[in-house]
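Participant: Line order of the protein sequences matches chains E and R.
Residue numbers for the first sequence follow the numbering used here, so the first one is 806 and each next one is one higher.
Residue numbers for the second sequence follow the numbering used here, so the first one is 83 and each next one is one higher.
Read the hints as simulated data drawn from the structure, not as lab findings.
Note that this is a predicted model, so its numbers are computed, not measured.
Positions of the beta carbon are idealized from the N, C-alpha and C atoms, including for glycine.
Please note that a few of the clues may not be correct.
Calculated lysine-lysine pairs in the DSS-like style (CA-CA distance at most 27 Å, straight line) [what the hints assert, rightly or not]:
| hint | chain 1 | residue 1 | chain 2 | residue 2 |
| --- | --- | --- | --- | --- |
| 1 | R | K212 | E | K1027 |
| 2 | R | K176 | E | K1027 |
| 3 | R | K94 | E | K1027 |
| 4 | R | K109 | E | K1027 |
| 5 | R | K212 | R | K193 |
| 6 | R | K176 | R | K212 |
| 7 | R | K176 | R | K193 |
| 8 | E | K1027 | R | K193 |
Looking from chain R toward chain E, a few residues come up when the C-beta cut is under 8 Å (computed) [as the list claims (entries may be wrong)]:
| hint | residue |
| --- | --- |
| 9 | R140 |
| 10 | R161 |
| 11 | R171 |
| 12 | V188 |
Per label pair, the in silico range of CB-to-CB distance [stated by the list, open to error]:
| hint | chain 1 | residue 1 | chain 2 | residue 2 | range |
| --- | --- | --- | --- | --- | --- |
| 13 | E | W822 | R | A144 | 39 to 47 Å |
| 14 | E | F1112 | R | D283 | 39 to 47 Å |
| 15 | R | N215 | E | F994 | 53 to 61 Å |
| 16 | R | N296 | E | A818 | 51 to 59 Å |
| 17 | E | L826 | R | S152 | 35 to 43 Å |
| 18 | R | H218 | E | D811 | 22 to 30 Å |
| 19 | E | D811 | R | S152 | 43 to 51 Å |
| 20 | R | D283 | E | L826 | 49 to 57 Å |
| 21 | E | L810 | R | N215 | 26 to 34 Å |
| 22 | E | S809 | R | D214 | 19 to 27 Å |
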Amino acid sequence: MPVSLDYVTRETASNLWRNRLMTIAAVLTVAVSLSLVGTALLLRQGVAHATTKWQHGVNVLVFLEPVNPPLAALDANVKPSSPGQGQALQQQLAIQQQLTTLPYVRTCLYRDQQYDFSEAQHLLPADESQALTVESTPASLRCVLQDPREAQAIYMQFHGRPGVSAVSYPSQAVKNMEQVTHILQWVFFGLALILLLSAAVLILNTIRLAIFARRREVSVMKVVGATNWFIRIPFMFEGLVQGVLGALVAALVVIGLHWLLDRLAHGSSLLYQMRLSTGEVFVTNFWVVLVGLLVGTLGSAFAIRRFLDA
Amino acid sequence: MIRFENVTKTYKGGTVALREVSLDIEKGDFVFLVGPSGSGKTTCIRLLLREEVADAGRIWVAGRDIGALSHWRIPYLRRNIGCVFQDFRLLPNKSVFENVAFALEVIGRPKHVIASQVPQVLDLVGLGRKRDNLPHELSGGEQQRVAVARAFVNRPLILLADEPTGNLDPATSQGIVRLLDRINRTGTTVIVATHDAGIVDQMRRRVIELDHGNLVRDQARGVYGYGT
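Just chain R, same shape as in the assembly (with noise of 0.2 Å):
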């Protein structure tokens, strides 16, 4: 499903992010991406979303060389991949049902796709109540659960989180995991760049560590450090 061979990403400055990365995500896979700040965890997602291109090295996502890929094709990657971030990024005008039902309407879903999908996954999130409620009127839980039913409405092939429990306590976070967890099981391949070792040690999937932009250890049911 995602293939980096050899990926270095060096920003203006000379800062290296990504030093020789390679790394094969397989479909289906839950994978934590760890390491601390500024190890280049952010910059795997944003090269997965060609929000930055890789200077060396290629990455393939479902076949595809995204590297290669013209400027109007990426919308189309995109709408394979949903992401999920630390600070939500919901729209805090839009009701809850409003905010999910932005992600079908501008990529020009029809009405009566947006009226079935949307409910359907807001009650896979657990807010099939709060519809109707505005983003400040949720928990920080909550509202990452909006997030993520966001993420997901389309049916993405890969589910991309970047700290998704950054800005939450350790009970919540746990739920955040699981859902992530749930959707894994549905066939979708979850990515989730975290430096939180709770969530890290209590799934025991797969672990890839990166430090200063160099992968240090690849992992099939890992925890957050070394030791176990």
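One chain only, chain E, in its complex shape (with noise of 0.2 Å):
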């Protein structure tokens, strides 16, 4: 059955066009809950990155003192290079075994000085991790605790140890952070999520106005035999491009948040770890246009099935 695209598009354009308050009512509604829901997303990918240490439940960082060069692997069977590479494996080997008999730890993952150092370069500001190089980067046992209070005792009893370069645990701020952005994040989902139901109700009553203004054309239509997608078609693109023309929108305020983060995280070093690569906010849009789009397809589908005898 063949709809011309020409006849879609001209279809479509006049219909939006009858319509223009309610479709401008229902494109705005969009792009405000998709602008919400892409917030939330930077904010969580953000919130991510600021936090990658703490990530998958860690509570305690033991920071090794660095080797040079560089351990393949904190494993017994390793061959060291050098004497003073063997002693500094042994030396990490012992404070392995330790860490991981205690009662409260859960289990410790072992990061090499590289997988460290492609941390470091992405955490911290341009000048800081300029100076710093694979060699000069220490390792790190990574820890989970039973109970995350025993931090400290960890950080007690390892603090100083030959071997160990630093003990870390999240600070208050970090545990604060990760709360905040948290609740934040399931607020804003929230809110978004009743606006883009008011905004699938908003293109459903924008369709349903369009079908009450073409009732003529349709049952012309249907006396002469035109199939029911070929009446169904315009009605279904006027929803998707509200959607659509909304979740742009959206985007465009995703990408301008981005670029403000941008500019703000060169005097904040918490911004500056929570900044997101180009690709992130790209993926973060795609998701943004397929939510518009969902939501206008979804509100145009309802309308024609309830509304529509075709």
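Using the hints, build the complex out of the two chains.
Facilitator: Have a look at this one:
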């Protein structure tokens, strides 16, 4: 059944123009709600970046003295390339042994110097990370505890020991940030959901008006034998266009927000740690547009089912 | 071309619109369907268009049992049936040409077909010179001619007219019926549901009379009432 693009474009455009006020309302509602979704997604990724060391429930980090050349792995079977490296390996193995046998330590994951170096490259501002090399970056043991409060005990026990360069556990500030953003995220998503629902209802209503405005045409179309899809598609497209237009506005908001944060990041180390790559913003916007498309399609599909007898 | 086999249609609330109606209409026939309001004429037309489905019995159109037609095939049935209504059903914001072209456009006919068919059919109904007028600039008779042109532009096998002269004065009505007659001569089967005695008596064609859903008369060269 040939539904010409020309016909669909013409009908959709004229429908949108006829209901322009409703269209603007629907597009703006989609835009605001999807901006919230986008912001929540950005926030989530940003916080994940800033707290990347504490991901997967890590409660305490034991940094090991850097070894030059770096160890390939923390494993008794590794053949040391120099007596110094051999000594360091034995020392680090002993520390790992002691840590993992503590009753309140659940697991300890070893991250080598190369891994920590790459992570630091991302987390530290450029001037600090430039001074860093793989050889001067400490490897780390990242431990998950039965009870996070025991982190301080580990600090007392291992801080200043030979072979340990530093022990760190999340400060109250990091914990607060995680909690606040967690709550904020859900508030944003909740608001966005309500707004998306109202956007879908607004779209539904514009399509209903469009169907009502064209009921004569629709009845003639049916009598002369237009197929159901031929009748439905322009209405379907109308909702879809509204959803996507709103999503595109939201995508611009997300891009603007990313740009703004990037500008502000140089003044604040926290924002610097939260900054996102262009790829991540792109993926976020992909989701934003997809949700917009979905809301528009659902709104119009429902209107068509309910009000268009075709 | 059209066959009703013991067709019964009852609406919600128990109103019997058609009761055990059987009839045969050959290709190229011109048939008047007569009877008072509520006799079942419009139900016949709605059944033929598959706007309604019979409760019992079968309806065949061009060799197809249309009661068994799947939902998506209904539009293709309707492309074989042109339809004219008492209230014309023209689109007020489209010109005469656009109204007729619309019928071809929405079934996906290409532009060059529209460009050649529409002027032809407008000449046939005698409105070639009013192609750019809007419906409200035309008289009732002219509007109905546009509606006939729209129904016929796709060269359907069957043309249905439901009270086509119901809103027109007798002289204009005769013109419309002559037009339907001319279309019938091209081989199109024409069925006119009417309670306009004047046009039926003038034409002396086959008359099928319904009364309270019963087929009470099927006469080859009949008039509106009994007596002749």
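Participant: It remains to establish, for every hint, whether it holds in the given structure.
Facilitator: Hints versus structure:
1. R/K212 x E/K1027: 26 Å, holds
2. R/K176 x E/K1027: 17 Å, holds
3. R/K94 x E/K1027: It holds: about 23 Å lies between the C-alpha atoms, which stays within 27 Å.
4. R/K109 x E/K1027: 24 Å, holds
5. R/K212 x R/K193: With a Cα-Cα distance of about 21 Å, the restraint between R/K212 and R/K193 holds, given a limit of 27 Å.
6. R/K176 x R/K212: At roughly 13 Å apart (the allowed maximum being 27 Å), R/K212 and R/K176 satisfy the hint.
7. R/K176 x R/K193: Roughly 17 Å separates the two Cα atoms, so the pair holds.
8. E/K1027 x R/K193: 20 Å, holds
9. R140: 22 Å, violated
10. R161: 4 Å, holds
11. R171: Cβ of R/R171 sits 6 Å from chain E, so the hint holds.
12. V188: 4 Å, holds
13. E/W822 x R/A144: 39 to 47 Å: Holds, at about 42 Å.
14. E/F1112 x R/D283: 39 to 47 Å: Cβ of E/F1112 to Cβ of R/D283: about 45 Å, so the range 39 to 47 Å holds.
15. R/N215 x E/F994: 53 to 61 Å: Because 57 Å falls inside the window, the suggested range holds.
16. R/N296 x E/A818: 51 to 59 Å: 52 Å, holds
17. E/L826 x R/S152: 35 to 43 Å: With Cβ atoms ~41 Å apart, the hint holds.
18. R/H218 x E/D811: 22 to 30 Å: 28 Å, holds
19. E/D811 x R/S152: 43 to 51 Å: 29 Å, violated
20. R/D283 x E/L826: 49 to 57 Å: 56 Å, holds
21. E/L810 x R/N215: 26 to 34 Å: 30 Å, holds
22. E/S809 x R/D214: 19 to 27 Å: The hinted range 19 to 27 Å holds for E/S809 and R/D214, with Cβ atoms some 24 Å apart.
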